[in-house]
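K.L.:
Sequence:
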Amino acid sequence: MSLPIMASPRTVTMLGQDLDHPEGVCVAPDGTVYAGGEAGQVYRLAPDGTQTQIASTGGFLLGLALDGNGNLHACDIKRRAVLRVAPDGAVSERSWGTAGRPMEVPNFPVFDAGGSLFVSDSGDYWHNTGTGRVYVIRPDDT
Numbered sequence: 007m008s009l010p011i012m013a014s015p016r017t018v019t020m021l022g023q024d025l026d027h028p029e030g031v032c033v034a035p036d037g038t039v040y041a042g043g044e045a046g047q048v049y050r051l052a053p054d055g056t057q058t059q060i061a062s063t064g065g066f067l068l069g070l071a072l073d074g075n076g077n078l079h080a081c082d083i084k085r086r087a088v089l090r091v092a093p094d095g096a097v098s099e100r101s102w103g104t105a106g107r108p109m110e111v112p113n114f115p116v117f118d119a120g121g122s123l124f125v126s127d128s129g130d131y132w133h134n135t136g137t138g139r140v141y142v143i144r145p146d147d148t
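According to the working numbering, the sequence shown is numbered sequentially starting from 7.
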C-alpha cells in the first residue's frame, strides 16, 4: 500500500549534514538554525549555508531554545541540566532543577513572552514511574 506524502508538491531543503545525531533545533530571528549533537556539540547552520560547531558541553543535547539576548539554552541529558551557550560559544550552567527534585532527563525548553524558561523533564524515564515534571526558571534565575 502506498499513501501520498503531501497533497501538493513541496520543496524540501537540507540545511546541515554530517552532524552527530542532531536532536533539538531552534531558529534565530535572522534565520540561523541551531542543533545539538550526541556528544554535546552545538552546531550553527547559517543562512548562507555555513555550518560551524560553536561549542561543546561534553554531554548529550536534546531540546534547544533561544532567549531574547541570543543565548542558546540547551537541555543536556548526560549532565542532567539546562546549560546556557552564549553567542561566542561560552557554556555555563543555568539549572539542575531544585534541591529536592534535581533534573533527571531534561528534554525540551521553551520561553514565554516574559522571559521565563519552561523545561520538561521525563523523570525516571527508564522505569516509567510517573516522575516526570515541568520546571520554570524565571529571568532572575529563581
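There could be a bad hint or two in this list.
Pairs of lysine to any residue, SDA-like flavour, derived with a Cα cap of 25 Å [unchecked claim]: (1) K84 x P28; (2) K84 x E99; (3) K84 x V33; (4) K84 x I60; (5) K84 x E29; (6) K84 x V116; (7) K84 x W102; (8) K84 x G120; (9) K84 x D73; (10) K84 x V18; (11) K84 x P53; (12) K84 x G55; (13) K84 x A96; (14) K84 x A119; (15) K84 x G37; (16) K84 x V39; (17) K84 x T19; (18) K84 x S62; (19) K84 x H133.
Derived Cβ-Cβ restraints for the label pairs, each shown as a range [what the hints assert, rightly or not]: (20) P53 x D130: 36 to 42 Å; (21) S98 x A34: 16 to 22 Å; (22) T38 x D130: 20 to 26 Å.
None of these hints come from the bench; they were simulated from the model. Each residue gets a CB set at the ideal place from its N, CA and C atoms; glycine is no exception.
K.L.:
Give a verdict on every hint.
P.N.:
So, going through the hints one by one against the coordinates:
| no. | hint | in the structure |
| --- | --- | --- |
| 1 | K84 x P28 | holds, 15 Å |
| 2 | K84 x E99 | holds, 13 Å |
| 3 | K84 x V33 | holds, 24 Å |
| 4 | K84 x I60 | holds, 19 Å |
| 5 | K84 x E29 | holds, 14 Å |
| 6 | K84 x V116 | holds, 20 Å |
| 7 | K84 x W102 | holds, 12 Å |
| 8 | K84 x G120 | violated, 29 Å |
| 9 | K84 x D73 | holds, 22 Å |
| 10 | K84 x V18 | violated, 32 Å |
| 11 | K84 x P53 | violated, 30 Å |
| 12 | K84 x G55 | violated, 30 Å |
| 13 | K84 x A96 | holds, 18 Å |
| 14 | K84 x A119 | violated, 29 Å |
| 15 | K84 x G37 | violated, 29 Å |
| 16 | K84 x V39 | holds, 23 Å |
| 17 | K84 x T19 | violated, 31 Å |
| 18 | K84 x S62 | holds, 13 Å |
| 19 | K84 x H133 | holds, 17 Å |
| 20 | P53 x D130: 36 to 42 Å | holds, 41 Å |
| 21 | S98 x A34: 16 to 22 Å | holds, 19 Å |
| 22 | T38 x D130: 20 to 26 Å | violated, 35 Å |
The structure is inconsistent with the numbered hints 8, 10, 11, 12, 14, 15, 17, 22, although it conforms to all the rest.
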